[in-house]
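For the protein sequence lines, the chains are B and H, in the order given. Take 5 as the starting number for the first sequence in the working numbering and just add one per residue. Take 36 as the starting number for the second sequence in the working numbering and just add one per residue.
FYI, nobody ran anything at the bench for these hints, they're computed from the structure. Since we're looking at a predicted model, the values are computed, not measured. Glycine included, every Cβ here is placed at the ideal spot set by N, Cα and C. One or more hints might be untrue.
[Unchecked claim] Derived DSSO-like pairs (lysine-lysine); straight-line CA-CA distance at most 27 angstroms:
no.	chain 1	residue 1	chain 2	residue 2
1	B	Lys73	B	Lys63
2	B	Lys46	B	Lys107
3	H	Lys113	H	Lys59
4	B	Lys83	B	Lys72
5	B	Lys72	B	Lys61
6	B	Lys73	B	Lys61
7	B	Lys46	H	Lys103
8	B	Lys46	B	Lys67
9	B	Lys83	H	Lys59
10	B	Lys107	H	Lys113
11	H	Lys113	B	Lys46
12	B	Lys63	B	Lys107
13	H	Lys59	H	Lys103
14	B	Lys67	H	Lys113
15	B	Lys73	B	Lys107
[What the hints assert, rightly or not] Which chain B residues face chain H? A few, computed with CB under 10 angstroms, are given here:
no.	residue
16	Pro12
17	Ala14
18	Ser28
19	Gln42
20	Gly45
21	Ala57
22	Lys72
23	Phe76
24	Ser99
25	Tyr101
26	Ala102
27	Phe105
28	Lys107
[What the hints assert, rightly or not] Covered, in the sense of this in silico footprint (three residues per stretch, anywhere, with C-beta under 8 angstroms from a C-beta of chain B), are these stretches of chain H:
no.	stretch
29	80–92
30	140–150
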Amino acid sequence: EDQVTQSPEALRLQEGESSSLNCSYTVSGLRGLFWYRQDPGKGPEFLFTLYSAGEEKEKERLKATLTKKESFLHITAPKPEDSATYLCAVQAVNSGYALNFGKGTSLLVTP
Amino acid sequence: DAGVIQSPRHEVTEMGQEVTLRCKPISGHDYLFWYRQTMMRGLELLIYFNNNVPIDDSGMPEDRFSAKMPNASFSTLKIQPSEPRDSAVYFCASSQKAGSTGELFFGEGSRLTVL
C-alpha cells in the first residue's frame, strides 16, 4: 500500500530562517510526486510536480527536490506570507490518476 | 474562470439526516475528484470521475456514501444517513492534466458537522 509521511508535523521559523520540510514515500511505482500549499479555510493549491530522482523545481523562495525514497521542500529566507500547511502527494503507476496525500507540515513564519 | 465552486460552504445537520454536497468543476476539465479532510486522517480520496464516469470509488467509506456526475459541469456527493464520524471538510477538485502533471484545482470545501 502506498504511504506518504511528512515531517515535521509543525514548524515555526523566524523570518529569514531557512529550513526544509520532508516527505518520505513508499509506492510500488512512482508516476509523480506533488507539493501543494493549503491556507486556512481554503483548498490546497498546486506548487510542483517531480517525476524522477534528481529532479528539482523552484518557485520564488521554494525549491523541491526528489530522491528514490523522499522529497524535500526547501524554504529559503521565508517571509510571514509563506505560513501555510504544505502537503505532499504521490501518484502511483498502478493507481490510476488519484493522488495519495500526506498529512502535511504546518509552517508558521514569524516577523 | 471562477474556479471550482462548491456548495454549501458549511452544513450542520443531525445524525440520520441526508446531506448533499455539490460541485461545479472548471469548464473543460475532464477529471473530477472528491476528497475528505480531517485532522486525524488528512486528505483522503473518496472517488474520482473521468469524463463523467466513476473510475475509482474504493475510497468511499460505505454504502451510506454515493456520488454522481450527471454532466460535465456538475457533481454531487450524498451521505444518507449521516453520522457524527462523517464530520469533515469535503473538497472537490478538477483537472485537465491529472494523468500528466497531477495538477488538481481544488474548491474551497464544504465543512460538514453532524451532531
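Each hint, compared with the structure:
Restraint check for lysine 73(B) and lysine 63(B): the C-alpha separation of about 22 angstroms stays at or below 27 angstroms, so the hint holds. Taking the CA atoms of lysine 46(B) and lysine 107(B), the gap is about 15 angstroms. The hint holds against a cut of 27 angstroms. Taking the CA atoms of lysine 113(H) and lysine 59(H), the gap is near 15 angstroms; set against the 27 angstroms cutoff, the hint holds. With a C-alpha separation of about 30 angstroms, the suggested pairing of lysine 83(B) with lysine 72(B) is violated against the 27 angstroms cut-off.
Annotation: proposed proximity of lysine 72(B) to lysine 61(B) holds, straight-line Cα distance about 16 angstroms (limit 27 angstroms). Of the pairs offered as hints, the one joining lysine 73(B) and lysine 61(B) holds, with about 17 angstroms between alpha carbons and a cut-off of 27 angstroms not exceeded. Between the alpha carbons of lysine 46(B) and lysine 103(H) the distance comes to roughly 24 angstroms, so the proposed pair stays at or under 27 angstroms and holds. At most 27 angstroms may separate the alpha-carbon atoms for a hinted pair to count; lysine 46(B) and lysine 67(B) meet this at roughly 23 angstroms.
For the hint pairing lysine 83(B) with lysine 59(H), the CA-to-CA distance comes to about 34 angstroms; that exceeds 27 angstroms, so the pair is violated. For the hint linking lysine 107(B) to lysine 113(H), the alpha-carbon distance of about 25 angstroms falls within 27 angstroms, and the restraint holds. For the hint pairing lysine 113(H) with lysine 46(B), the CA-to-CA distance comes to about 22 angstroms; that is within 27 angstroms, so the pair holds. A threshold of 27 angstroms between alpha carbons decides the hint, and for lysine 63(B) with lysine 107(B) the separation of about 22 angstroms falls inside it, so the pair holds.
For the proposed pair lysine 59(H) and lysine 103(H), the alpha carbon gap of about 12 angstroms is at most 27 angstroms, so the pair holds. Distance hint between lysine 67(B) and lysine 113(H) is unfulfilled; the C-alpha atoms sit about 39 angstroms from each other, more than 27 angstroms. Between lysine 73(B) and lysine 107(B) the CA atoms are separated by roughly 17 angstroms; this keeps the pair inside 27 angstroms, and the hint holds. Here the hint on proline 12(B) is broken, as its CB sits about 15 angstroms from the closest CB of chain H, past 10 angstroms.
Interface hint at alanine 14(B): violated, since its Cβ lies 12 angstroms from the closest Cβ of chain H, which is beyond the 10 angstroms cut-off. A least Cβ separation of about 15 angstroms between serine 28(B) and chain H goes past the 10 angstroms threshold, and the interface hint is therefore violated. With 10 angstroms as the threshold, the beta carbon of glutamine 42(B) comes within range of chain H, its nearest partner Cβ sitting at about 8 angstroms, so the hint holds. The closest approach between the C-beta of glycine 45(B) and any C-beta of chain H is roughly 7 angstroms, which is under the 10 angstroms cut-off, so the hint is satisfied.
Annotation: interface hint on alanine 57(B) violated; nearest CB of chain H at approximately 17 angstroms, more than 10 angstroms. Below 10 angstroms, beta-carbon pairs count as interface contacts, and lysine 72(B) has none with chain H, the closest being about 18 angstroms; its hint is therefore violated. Residue-level restraint check for phenylalanine 76(B) is violated (minimum Cβ-Cβ distance to chain H is 18 angstroms; threshold 10 angstroms). Among the interface hints, the one on serine 99(B) holds; its C-beta lies about 8 angstroms from the nearest C-beta in chain H, closer than the 10 angstroms criterion.
For the restraint placing tyrosine 101(B) at the interface with chain H, the shortest Cβ-Cβ distance is roughly 4 angstroms, inside the 10 angstroms limit, so the hint holds. With a least beta-carbon distance of about 5 angstroms to chain H, the hint placing alanine 102(B) at the interface is held under the 10 angstroms criterion. Using the Cβ-Cβ criterion of 10 angstroms, the hint placing phenylalanine 105(B) at the interface with chain H is satisfied: the shortest such distance is roughly 4 angstroms. Interface restraint check: lysine 107(B) against chain H, minimum CB-CB distance 4 angstroms, threshold 10 angstroms, status holds.
For the stretch 80–92 of chain H, the stated coverage by chain B holds: 5 residues have a C-beta nearer than 8 angstroms to a C-beta of that chain, and at least 3 were required. A stretch counts as covered by a chain when three or more of its residues have a beta carbon under 8 angstroms from one of that chain; for the stretch 140–150 of chain H and chain B the count is 5, and the coverage holds.
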